[in-house]
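Can you build the whole structure from these sequences, using the hints too?
Protein chains in written order, with numbering that gives the first Met the number 0: chain A, 0 to 230; chain B, 0 to 230.
Watch out, some of these pointers could steer you wrong.
[Said to hold, decoys possible] Only pairs whose alpha carbons sit at most 30 Å apart, straight line, appear in this in silico DSS-like list of lysine-lysine:
| hint | chain 1 | residue 1 | chain 2 | residue 2 |
| --- | --- | --- | --- | --- |
| 1 | B | K165 | A | K29 |
| 2 | B | K47 | A | K47 |
| 3 | A | K157 | B | K47 |
| 4 | A | K165 | A | K29 |
| 5 | B | K165 | A | K165 |
| 6 | A | K29 | A | K45 |
| 7 | A | K29 | A | K47 |
| 8 | B | K45 | A | K165 |
| 9 | B | K45 | B | K157 |
| 10 | B | K47 | B | K29 |
| 11 | A | K45 | B | K165 |
| 12 | A | K157 | B | K29 |
| 13 | B | K165 | A | K157 |
| 14 | B | K29 | B | K45 |
Please keep in mind that the hints were generated in silico from the structure rather than gathered at the bench. Given the structure is predicted, the values throughout are model-derived calculations rather than measurements.
Protein chains: 2
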Amino acid sequence: MAITFYDLAGGDGRRFSPFGWRVRMALAHKGLEAGASVERVTFSQKHKLAFSGQELVPVIVDEGTVVADSWEIALHLDRVHGREPSLFATTGVAAARFFAAWTDSQLHPLIARCVVSDIPAVLDPADLEYFRRSREARFGTTLEAMAEGRNTARAELKRALYPLRKSVEAGGFLAGSGPGYADYAAFGAFMWARGVSGFRLLDDDDPVHAWRERMLDLHDAMPRTEPGFLV
Amino acid sequence: MAITFYDLAGGDGRRFSPFGWRVRMALAHKGLEAGASVERVTFSQKHKLAFSGQELVPVIVDEGTVVADSWEIALHLDRVHGREPSLFATTGVAAARFFAAWTDSQLHPLIARCVVSDIPAVLDPADLEYFRRSREARFGTTLEAMAEGRNTARAELKRALYPLRKSVEAGGFLAGSGPGYADYAAFGAFMWARGVSGFRLLDDDDPVHAWRERMLDLHDAMPRTEPGFLV
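Pasting the structure below:
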């Protein structure tokens, strides 16, 4: 198998890492997803990544070349596996980097506040103690307290999504008439939420909702095949 | 003259509207800035825009065609004045629309809190009462109270600029190796601040500072010729 993809997994094997989804969509974009071999890694199985010299998913091994970090993986895939269809064709690399960083800094913290209290229910039992301890330290509060504030976080998310809304309300993608890595970066945040929580992040009439539906339909609707909540 | 450009002006004629700067840079990008005739409009001179059917600058009249709104003007210029050099070449139109909306929603409110209390000093005296009344209503506080909180706003701005920083820290522009409308949208916010206030928005070692310097050097350093504060 040409590519082995190490991705985060929950107790039933479901894959919900937002960074894993960036890689998964990038592989599909390049026509490589169906042929890639997937190694599922739970939070307690970081030893599986020791060969990569670090302990964070996603990692790919491509014909012996080890690449960690979703952004580095996207650059690698575009460089090594032909320029067409490029992940960066319409927006360019610099703008795509912006969209990844915008998602990391603006969307992830707000979506975390909306869904993180639901994550234990989909984890492998061996991951529960680590997950609660690490997340409560990161956010400085209990998972239960975060759940109580999630309607506030949802309202903040709606405001934070304003530029994405303005960009896609005409019916296309951040990258124009077709999707690119810019879209995959933001979409990964929503696939993370979909995989772990039934909490509704978006109003049905939000143009971002329609964009997410278009994203779910991509690559033969591959994203819809992953176990998740129907939101 | 082919194009007449109606732009906001202060008491000494200086042009500091962030939306005006988007248009001014777009005109320069298309090679049209030097030849455009500029009509300066203070806040008290909105009657000068009556012909456009609305009262907001910027407005252009291009061979008899009236176009208002900085985004519509950019689309018009790219459509009518040749595709090369396009304002949207690298990022595409949809991503450029994102950057304009991101600047409007994320940067403008924070920069306003940093500089708005300095604006009266550069206005035409006839504009002072209107400016104070309209801005204090918009922000729900006095200009003086905003000035007291501006170090907090500056710290928030530094965080909000994280995705721009990640995109341009390699030494280029949002649009890649050369600038595009994406860059002009964000740069307009900084030219607004530069025109009205000596308050330092950016640390000297911030990659966004270096990007702003690259932007100031564009089009024969035209942005540096406008009266402003040296920040």
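Going down the list of hints, with the structure as the test:
1. K165/B / K29/A: holds, 25 Å
2. K47/B / K47/A: violated, 69 Å
3. K157/A / K47/B: violated, 38 Å
4. K165/A / K29/A: Status holds; Cα separation ~28 Å.
5. K165/B / K165/A: holds, 22 Å
6. K29/A / K45/A: Holds, at roughly 27 Å.
7. K29/A / K47/A: With Cα atoms ~26 Å apart, K29/A and K47/A stay inside 30 Å; holds.
8. K45/B / K165/A: holds, 28 Å
9. K45/B / K157/B: With Cα atoms ~35 Å apart, K45/B and K157/B exceed 30 Å; violated.
10. K47/B / K29/B: holds, 26 Å
11. K45/A / K165/B: holds, 28 Å
12. K157/A / K29/B: This hinted pair is violated, its Cα atoms lying about 36 Å apart.
13. K165/B / K157/A: holds, 24 Å
14. K29/B / K45/B: Distance ~27 Å between K29/B and K45/B Cα, so the pair holds.
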